[in-house]
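Novice: Listed here are the chains, written in short residue letters.
Number of protein chains: 2
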Amino acid sequence: MKESRIKVIVYGLGPIGISTAKILAQRKGIEILGAVEIAEDKVGKDLSDLIGISKEKGIPVSKNLGEAKKYGTADVVVHTTASFLEKVFPQLEEVISGGMNCVSSTEELFFPIRGAPEMTRKIDELAKKHGVTVVGTGVNPGFVMDTLPLFLTGVCERVDEVHIQRRVDASKRRLPLQQKVGATLDAEEFYKRVEAGTFGHIGLRESLQYLAVNLGFELDGIEEKVDPVISEKDISTEYFLVRKGQVAGIKHIARGFVNGKSVLSLDLRMYVGAEKSFDRITIGGNPSLEIEIKKGTPGDIATASILANSVTLAMHADPGLINTKCPLWPHYEKL
Amino acid sequence: MKESRIKVIVYGLGPIGISTAKILAQRKGIEILGAVEIAEDKVGKDLSDLIGISKEKGIPVSKNLGEAKKYGTADVVVHTTASFLEKVFPQLEEVISGGMNCVSSTEELFFPIRGAPEMTRKIDELAKKHGVTVVGTGVNPGFVMDTLPLFLTGVCERVDEVHIQRRVDASKRRLPLQQKVGATLDAEEFYKRVEAGTFGHIGLRESLQYLAVNLGFELDGIEEKVDPVISEKDISTEYFLVRKGQVAGIKHIARGFVNGKSVLSLDLRMYVGAEKSFDRITIGGNPSLEIEIKKGTPGDIATASILANSVTLAMHADPGLINTKCPLWPHYEKL
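Going down the list, the sequences are from chains Y and C. The letter at position 226 of the first sequence is residue 216 when you use the working numbering, and the numbering goes up by one with no holes. The letter at position 129 of the second sequence is residue 119 when you use the working numbering, and the numbering goes up by one with no holes.
It should be emphasised that the hints constitute simulated quantities derived from the structure, not laboratory data. Some hints here could point you the wrong way.
Where chains are identical, the list cannot tell them apart; a pair therefore holds if satisfied intra-copy or between any two copies.
[Unchecked claim] Taking lysine to any residue and the SDA-like style, the derived pairs with C-alpha atoms no more than 20 Å apart in a straight line are:
| id | residue 1 | residue 2 |
| --- | --- | --- |
| 1 | Lys284 | Glu151 |
| 2 | Lys18 | Glu208 |
| 3 | Lys(-3) | Gly235 |
| 4 | Lys285 | Phe268 |
| 5 | Lys162 | Ser278 |
| 6 | Lys182 | Val203 |
| 7 | Lys266 | Glu282 |
| 8 | Lys284 | Asp150 |
| 9 | Lys12 | Ser278 |
| 10 | Lys251 | Pro166 |
| 11 | Lys12 | Pro277 |
| 12 | Lys112 | Gly48 |
| 13 | Lys182 | His153 |
| 14 | Lys162 | Glu76 |
| 15 | Lys18 | Gly275 |
| 16 | Lys285 | Thr272 |
| 17 | Lys251 | Thr188 |
| 18 | Lys284 | Phe268 |
| 19 | Lys215 | Thr110 |
| 20 | Lys12 | Gly275 |
Only chain Y is shown next, with the shape it has when bound in the complex (with noise of 0.2 Å):
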């Protein structure tokens, strides 16, 4: 049986990109027609090397999708370039306007029409206009915070509140997410970069959005809160030393209210020296459930695998911009 396989391009050769070029490229079904990449170092360099799998050989990477395209209009784009929608919107118009479907990683695409409803509409409409489906995801947003938990309340009559802990020990973590969460960093230093607002966990609010939607919350507000969390004794990881006093990692808190009371509760705490790394989601409702991912859900291959998965999706799912939504619950509003 020799099907037509799907095709297509990588878009952004970051470590997420790579991850899922990895992925894609194992797979019997898929063909990586061409990626995309602007920094210098890997342009013009061959995909195979760039992600140790000789069998895609011969795919150069090039610096734009225009030049990309030249190898061939692929079925799917899976971009991985940034995680605000602002920054990524012209690349996504590309995409689209080319007619190919689209799995981007972007963090505020995963939920955009609260946070950002004017592009939401127009990226909808043009996928629309072009018949493809574009859909934003990964491990969070995309399932940890929100497809998961939604997909969970499937079983329950009726939902009153729903609250997330993440929890990540970041010692494990390569040295770009230790960084990302400022360990080593003083307090003080930590709030002038929360200020500067490149601090914090892209996605967390359109996560809480995502579910106050789906669940036909009406939240009369939402608070966000970025902390450090401050490391109780010295540690070391494979980079570098966390002295005690010294900031260890980040608390990320989205809360959603109704009637004052806080009914969605999004908790997400990376740092050096967490004791353990675990998921857990609670919903309060009918039946009232308790669950727990052991050990968490892993970062980054998690990212990267739901990203690979999603291109069946895209090749498959109505056009336009979806949500990886669960269909199980009667309150979801349509775009």
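Position chain C against the provided structure of chain Y, taking the given hints into account.
Specialist: For chain C alone, coordinates are given in the frame of chain Y:
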């Protein structure tokens, strides 16, 4: 905003049908048009009296669907009459031919393509012909041992094996369930009933096949075993005393093998005196995941809830027989 409500007929008024009707009666977007039940002590009664909710006054229980349809054609029939596909097949035909979507608790309907391919195709074709959707769902099959594990694999690059345990302390459940699991029998009588085919959890095989197909596992064998859990002490429930040495309940295990290795196992134990109820899902792959639902998913309310929640799904999904299937994983087989 006065939107038209979804019109529902409730077909089957056993405990699950009653629970589901109660939920539906309280949903603003749903109007219960009629109810069907063959039990003579219920026919002619008012549904409101049976479900204890006065809102839906004036819905007499009909003895068959034809009679119920005099009150109008429903958008969705919520069907909870029996567990076996062969038995409900004529009922489903009548619902579908009447142009109504169907949400059913029939366990074998959850994923019947492997066990009953002919009937499956007939239902699917008839549903497509009449432009309606047929959904088989519930907590098990329908959630704990199939759709939830599959949803979780959405963050896995590779899945090698999935093992699921469900432990239910039957002491706190209603009398029919305690009887259904064989409490107070002796082991000999238990096995006689197993041989007579009147014992065991219905749908376990369907859950296993659903996982195998959706994960792309080509099983070379399925093994199913039903054994008694023997009580190690005297245990009193609300209804009777289970003596030490008597049957406390049931242990039903289904396994799927690839190259002689058990890559799928569904281990269900429901018995009086279980120390704790829980659901546990272990996924071996990359990444591996271990998930626990503390105290487990409560069976009756969860089934009624997922049936009620699936009314929306039945209204919006494409025509045909669907499997409440998660579209994230790339290996799924089309019907």
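Novice: All hints are to be evaluated individually against the structure, with a verdict given for each.
Specialist: So, going through the hints one by one against the coordinates:
1. Lys284 - Glu151: between (22 Å within a copy, 17 Å between copies)
2. Lys18 - Glu208: Between copies, since 16 Å is at most 20 Å while 45 Å is not.
3. Lys(-3) - Gly235: So lysine -3 and glycine 235 fail the 20 Å test inside a copy (51 Å) and across (62 Å) alike.
4. Lys285 - Phe268: both (4 Å within a copy, 18 Å between copies)
5. Lys162 - Ser278: Answer is between; shortest inter-copy Cα gap is 16 Å, intra-copy 33 Å.
6. Lys182 - Val203: So lysine 182 and valine 203 fail the 20 Å test inside a copy (33 Å) and across (52 Å) alike.
7. Lys266 - Glu282: Classified as both; 12 Å inside a copy, 16 Å across copies.
8. Lys284 - Asp150: Between copies, since 19 Å is at most 20 Å while 25 Å is not.
9. Lys12 - Ser278: between (40 Å within a copy, 18 Å between copies)
10. Lys251 - Pro166: neither (37 Å within a copy, 40 Å between copies)
11. Lys12 - Pro277: This pair counts as between: shortest inter-copy Cα distance 15 Å, intra-copy 41 Å.
12. Lys112 - Gly48: neither (36 Å within a copy, 48 Å between copies)
13. Lys182 - His153: Close neither inside one copy (29 Å) nor across copies (47 Å); limit 20 Å.
14. Lys162 - Glu76: neither (32 Å within a copy, 54 Å between copies)
15. Lys18 - Gly275: Result: close only across copies, 18 Å inter versus 43 Å intra.
16. Lys285 - Thr272: both (17 Å within a copy, 12 Å between copies)
17. Lys251 - Thr188: neither (29 Å within a copy, 50 Å between copies)
18. Lys284 - Phe268: both (5 Å within a copy, 14 Å between copies)
19. Lys215 - Thr110: neither (25 Å within a copy, 52 Å between copies)
20. Lys12 - Gly275: Intra 41 Å, inter 16 Å, cutoff 20 Å: inter-copy only.
Comparing the model with each earlier hint shows violations of hints 3, 6, 10, 12, 13, 14, 17, 19; every other hint is respected.
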